[in-house]
Amino acid sequence: EAQVTQNPRYLITVTGKKLTVTCSQNMNHEYMSWYRQDPGLGLRQIYYSMNVEVTDKGDVPEGYKVSRKEKRNFPLILESPSPNQTSLYFCASAPQGRIGTGELFFGEGSRLTVL
Amino acid sequence: DAKTTQPPSMDCAEGRAANLPCNHSTISGNEYVYWYRQIHSQGPQYIIHGLKNNETNEMASLIITEDRKSSTLILPHATLRDTAVYYCIVESGGSNYKLTFGKGTLLTVNP
Chain A
1 EAQVTQNPRY LITVTGKKLT VTCSQNMNHE YMSWYRQDPG LGLRQIYYSM
51 NVEVTDKGDV PEGYKVSRKE KRNFPLILES PSPNQTSLYF CASAPQGRIG
101 TGELFFGEGS RLTVL
Chain B
1 DAKTTQPPSM DCAEGRAANL PCNHSTISGN EYVYWYRQIH SQGPQYIIHG
51 LKNNETNEMA SLIITEDRKS STLILPHATL RDTAVYYCIV ESGGSNYKLT
101 FGKGTLLTVN P
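These protein sequence lines map, in sequence, to chains A and B.
Number 72 in my numbering belongs to position 72 of the first sequence; there are no gaps in the numbering.
Number 55 in my numbering belongs to position 55 of the second sequence; there are no gaps in the numbering.
Just so you know, these hints were derived from the structure itself, not from any lab.
Treat each hint with caution, since some may be false.
[Claimed, not checked] Straight-line C-alpha distance at most 20 Å; calculated PhoX-like pairs for lysine-lysine:
#1 Lys71(A) x Lys98(B)
#2 Lys65(A) x Lys98(B)
#3 Lys52(B) x Lys103(B)
#4 Lys103(B) x Lys3(B)
#5 Lys69(B) x Lys52(B)
#6 Lys69(B) x Lys3(B)
#7 Lys103(B) x Lys57(A)
#8 Lys18(A) x Lys65(A)
#9 Lys98(B) x Lys3(B)
[To be verified] Pulled a few chain A residues facing chain B out of the computed Cβ check, cut under 10 Å:
#10 Val4
#11 Met27
#12 Tyr48
#13 Val52
#14 Gly58
#15 Tyr64
#16 Ile77
#17 Leu88
#18 Ala92
#19 Ile99
#20 Gly102
#21 Glu108
In this text the structure is predicted, and so the values were computed from the model without any measurement.
Note that the Cβ used here is the ideal one computed from N, Cα and C, for glycine as well.
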């Protein structure tokens, strides 16, 4: 089954404790990205990756890091989480990084709470 | 990117067609119309997209007016599981597959 898998799905952590949210896709997609969703603000893009070793900032990259060492994986790293990073996070992938070339698949989401 | 306008909420009876409108009067020639939906807090799910022509797939139909200033998503036989927030998104073919989600339309399918 074609899917984007995120882990953990739920996490409660404390300020400053480094954490990583993993994302893996099994569709051989070149493009991957991360969004966060907050009430009243919709979904906002954090980072994206056009292909292996190629990453770039989205609209709200502050406080986050990413890496793309393998085509299938695109982890989101919070080096020193703060309460304003409490959010619902989604990983997404697409065959290519251009709109119109195929659908953008989303993972099921990771709900993160930073105390 | 063009801005879209959708009604905040709509109701539909189970088994009937659900017609969700979207206004995108400032759309430009190279911008696609995408529809996604989000059931509760699950990941957004792709429904359909189009550029100029009407489109149909196993989930829905997309009707785009000739001037491209508005479109309608049609779910032919709505079920309770179609209750979700539906997003109409207009994006150009840039080099970053970024979708800008607005507030969408909450479609409630009633038994």
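Okay, the hints, checked on the actual structure:
The hinted pair formed by lysine 71(A) and lysine 98(B) meets the criterion: a straight-line CA distance of about 19 Å does not exceed 20 Å. Proximity of lysine 65(A) to lysine 98(B) is assessed by CA-CA distance (about 18 Å); at most 20 Å being required, the pair is judged to hold. At roughly 24 Å between alpha-carbon atoms, lysine 52(B) and lysine 103(B) are farther apart than 20 Å, so this suggested pair is violated. About 11 Å separates the Cα atoms of lysine 103(B) and lysine 3(B), which keeps this hinted pair within 20 Å; it holds.
A C-alpha spacing of about 11 Å is found between lysine 69(B) and lysine 52(B), which places the hinted pair at or below 20 Å, so the restraint holds. A threshold of 20 Å between alpha carbons decides the hint, and for lysine 69(B) with lysine 3(B) the separation of about 11 Å falls inside it, so the pair holds. Restraint check: the Cα-Cα separation between lysine 103(B) and lysine 57(A) comes to about 23 Å, which exceeds 20 Å; the hinted pair is violated. In summary, the hint linking lysine 18(A) to lysine 65(A) is supported, as the alpha carbons are separated by about 11 Å, within the 20 Å threshold.
Restraint check for lysine 98(B) and lysine 3(B): the C-alpha separation of about 14 Å stays at or below 20 Å, so the hint holds. Annotation: valine 4(A) was flagged as interfacial toward chain B, and the flag holds, the nearest CB pair being 7 Å apart, inside 10 Å. For methionine 27(A), the interface hint is violated, since its Cβ never comes within 10 Å of a Cβ in chain B; the closest pair sits about 13 Å apart. At its closest, the beta carbon of tyrosine 48(A) sits 6 Å from a beta carbon of chain B; the interface hint therefore holds under the 10 Å criterion.
The restraint placing valine 52(A) at the interface with chain B is violated, with a minimum CB-CB distance near 16 Å, outside the 10 Å limit. About 7 Å separates the beta-carbon of glycine 58(A) from the nearest beta-carbon of chain B, less than 10 Å, and the hint is met. Hint status for tyrosine 64(A) relative to chain B: violated, with the closest Cβ pair at about 16 Å, above 10 Å. The beta carbon of isoleucine 77(A) is not positioned within 10 Å of any beta carbon in chain B (closest approach about 20 Å), and the interface hint is therefore violated.
With its C-beta approaching chain B no nearer than about 6 Å, leucine 88(A) sits inside the 10 Å limit, and its interface hint holds. Taking 10 Å as the C-beta contact cut-off toward chain B, the hint placing alanine 92(A) at the interface holds, the least distance being around 8 Å. Residue-level restraint check for isoleucine 99(A) holds (minimum Cβ-Cβ distance to chain B is 5 Å; threshold 10 Å). For the restraint placing glycine 102(A) at the interface with chain B, the shortest Cβ-Cβ distance is roughly 9 Å, inside the 10 Å limit, so the hint holds.
The closest approach between the C-beta of glutamate 108(A) and any C-beta of chain B is roughly 5 Å, which is under the 10 Å cut-off, so the hint is satisfied.
Hint compliance for this structure: hints 3, 7, 11, 13, 15 and 16 are broken, all remaining hints hold.
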